[in-house]
Amino acid sequence: MRKPKLSTLIDHAVLIAGSLFMMLPLLMVLQMTTIPDTEIIRTGPSLTIGDQFDDNFTKAMFEASGFSGENTGLSMLKNSMILGMGFAVGKIVIGMMAAYAIVYFRLRFATLAFWLIFTTLLLPLEVRILPSYEVVQWLGMLNTYQGLIIPLIASATATFFFRQFFRSVPEELVEAARIDGAGPVKFFIDILVPLSQTMIAAMFIIMFVYGWNQYLWPTMITTDEDMYTLVRGIKQIVQVLEGAVVPEFGRSNVLALVAVIPPVLVVVFFQSWFVKGLTESDK
Amino acid sequence: MKRAGFTTISLPVLLLLPQLVIIAVFFYWPTVVAIHSSFYLQDPFGFGSTFVGLENYADLLSSREYRKIAWFTVVFSGLVTFFSLAIALVLAVKADKVLRGAKTYRTLLMWVYAVAPPVAGFIAVIMFNQSWGPLTEFFGLFGHRFMVGVNFNDTAFSMVLASVWKQVPVNFIFFLSGLQSIPRSVREAALIDNRSASGRFWDVTFPLLAPTGFFLLIINITYSLFDTFGIVDTVVKGEPGNNPMTLVYKVYVDGFRGNDLGGSSAQSVILMVLVLALTIFQFRLIERRIHYT
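Chains A and B, in that order, are what the protein sequence lines are.
Read in UniProt numbering, the first sequence has 7 at position 7, and its numbers run on one by one without any break.
Read in UniProt numbering, the second sequence has 140 at position 140, and its numbers run on one by one without any break.
Hints were generated in silico from the structure; no laboratory data involved.
Here the structure is a predicted model, which means the values were calculated and not measured.
Hints should not be assumed to be uniformly reliable.
[Claimed, not checked] Below, in silico cross-link-like pairs of lysine-lysine (DSS-like), each with a Cα-Cα straight-line distance of 27 Å or less:
hint, chain 1, residue 1, chain 2, residue 2
1, A, Lys5, B, Lys97
2, A, Lys276, B, Lys103
3, A, Lys5, B, Lys103
4, B, Lys237, A, Lys59
5, B, Lys68, A, Lys235
6, A, Lys235, A, Lys59
7, A, Lys276, B, Lys97
8, B, Lys237, A, Lys78
[Claimed, not checked] Pair ranges (Cβ atoms, derived):
hint, chain 1, residue 1, chain 2, residue 2, range
9, A, Glu280, B, Asp43, 48 to 56 Å
10, B, Ser62, A, Val185, 56 to 64 Å
11, B, Thr8, A, Phe118, 20 to 28 Å
12, A, Ala17, B, Ser196, 19 to 27 Å
We put the beta carbon where it would ideally sit given N, CA and C, even for glycine.
Could you build the full structure based on these sequences and the hints that come with them?
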């Protein structure tokens, strides 16, 4: 075997250091889920793995915290799932429909629609939070899933992604479909949607993670504890840690872990789609 | 538009309708309301409002507190952008070079993309715990008593660290994909012309990555302005007090806690102008980027 070169060793050393920088915080959270709160208060995180994971997990997922007694980890997990899925599906369906209309129809109004949609890319939700909140309040959608999801869909990233992709689909396909007598609806459902499968998968992963990780919007419009998502619940957890006599570190670390695992698994397992979606969508 | 497009009219209108209704109700309307109320002084108890013209803006720009927060935001964004780009670039170059374990490294370096900002903030709060936080102990070795939430600079440091940690993966993914799209022939030609690895990097790789870098620059500035909200909020535990905060956080604090609707709206409009400028800049860069590749 050839002796490895010094430069190769340095490359690996740098990459290992980088990986540790990324991994250590997660390992610390993991370790803290396995030890009792009393031990954390005394010594903090350490290198030994305890046997309290089951206890901490049960407490976090099934026992209620907060005032109403309704926000267990399980209910927050459910809400996060609904937000992530609802956001991703909603965005893809609405975005594909709009992109199809813009690319495949001869419609003068399409150019105007395109610009109207395009403009939404310019201003993120954060700069118009207060009036957005008022609109949702006025519509009576506070503390509802609709109020949580629909306003977040009001931006055009997915529309643009699909517009870009549809434009790259060969022109001959529509021509052939029309000669064979396929109408616009049939062409969309039978040809374009199956053709977009990879794109849909890539978009779904990115949008799911994006929706799941929403924080500011859920913080504002959900005040009922049974509507909290995991990510929205994190702030509550930090505040509880401050006030309590025996801060529940075990519970809070389990919740942080549960808030992180689903999106991380999605990104890790569908890595190639995810990378494709990410690098293509921002072009 | 495709040349061979369909000519029906009702169907495309129907297809566009959901998107248009949603953006009208949840985008255009709130934006107009924000601009409108930035010219008014709201009664804190909700009894009407008076037109004050540009007074809300004048108040902001002359406020020492606002200028201080704006300055902090600039420094914060600069630090987060610089460090997350630099670390990601180094890691991407190395990950592109190694043969063994390349896939494992890639996974280990990109999973944090999926971590929500407030969770990153939560982890920072634990790592900097006053009595036993691992990083508090680490800084203790150098004789510095780290106090997040009490000392302004310490709090700012933990925010920057958490924000960088959260942002490195995105930059890493883009840099790596940029590196991998450099043609083999170019690399081989460089290998013949220039024997030193660092020379090759600065003369060939770096200029070819520049378009990706410019693009990421904007993405990172936008990230540090807006997406760090969750990190700031968890690190200061919802109690800004004397702690550092960003402009976006201030909009939220004034509008939601302080009930200063006019002032908060004026801040929103200032941020809108800022984002607009950044976005226009970005689109011009993307046009350039196409010429490069």
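Do the hints match the structure? See the list:
With a C-alpha separation of about 13 Å, the suggested pair Lys5 of chain A and Lys97 of chain B falls inside the 27 Å cut-off, and the hint holds. The straight-line distance between the Cα atoms of Lys276 of chain A and Lys103 of chain B is roughly 16 Å, inside the 27 Å bound, and the hint therefore holds. For the hint linking Lys5 of chain A to Lys103 of chain B, the alpha-carbon distance of about 21 Å falls within 27 Å, and the restraint holds. Between Lys237 of chain B and Lys59 of chain A, the direct Cα distance comes to roughly 23 Å. Compliance with the 27 Å bound is thereby established for this hinted pair.
A hinted pair counts as satisfied when its Cα atoms are at most 27 Å apart, and Lys68 of chain B with Lys235 of chain A qualifies at roughly 26 Å. Between Lys235 of chain A and Lys59 of chain A, the direct Cα distance comes to roughly 18 Å. Compliance with the 27 Å bound is thereby established for this hinted pair. For the proposed pair Lys276 of chain A and Lys97 of chain B, the alpha carbon gap of about 21 Å is at most 27 Å, so the pair holds. The straight-line distance between the Cα atoms of Lys237 of chain B and Lys78 of chain A is roughly 25 Å, inside the 27 Å bound, and the hint therefore holds.
The supplied range of 48 to 56 Å is met by Glu280 of chain A and Asp43 of chain B, whose beta-carbon atoms lie about 49 Å from each other. With their beta carbons about 59 Å apart, Ser62 of chain B and Val185 of chain A fall inside the hinted range of 56 to 64 Å. A C-beta distance of roughly 23 Å is found between Thr8 of chain B and Phe118 of chain A, which places it inside the suggested range of 20 to 28 Å. Here the CB-CB span from Ala17 of chain A to Ser196 of chain B is close to 23 Å, well matched to the stated 19 to 27 Å.
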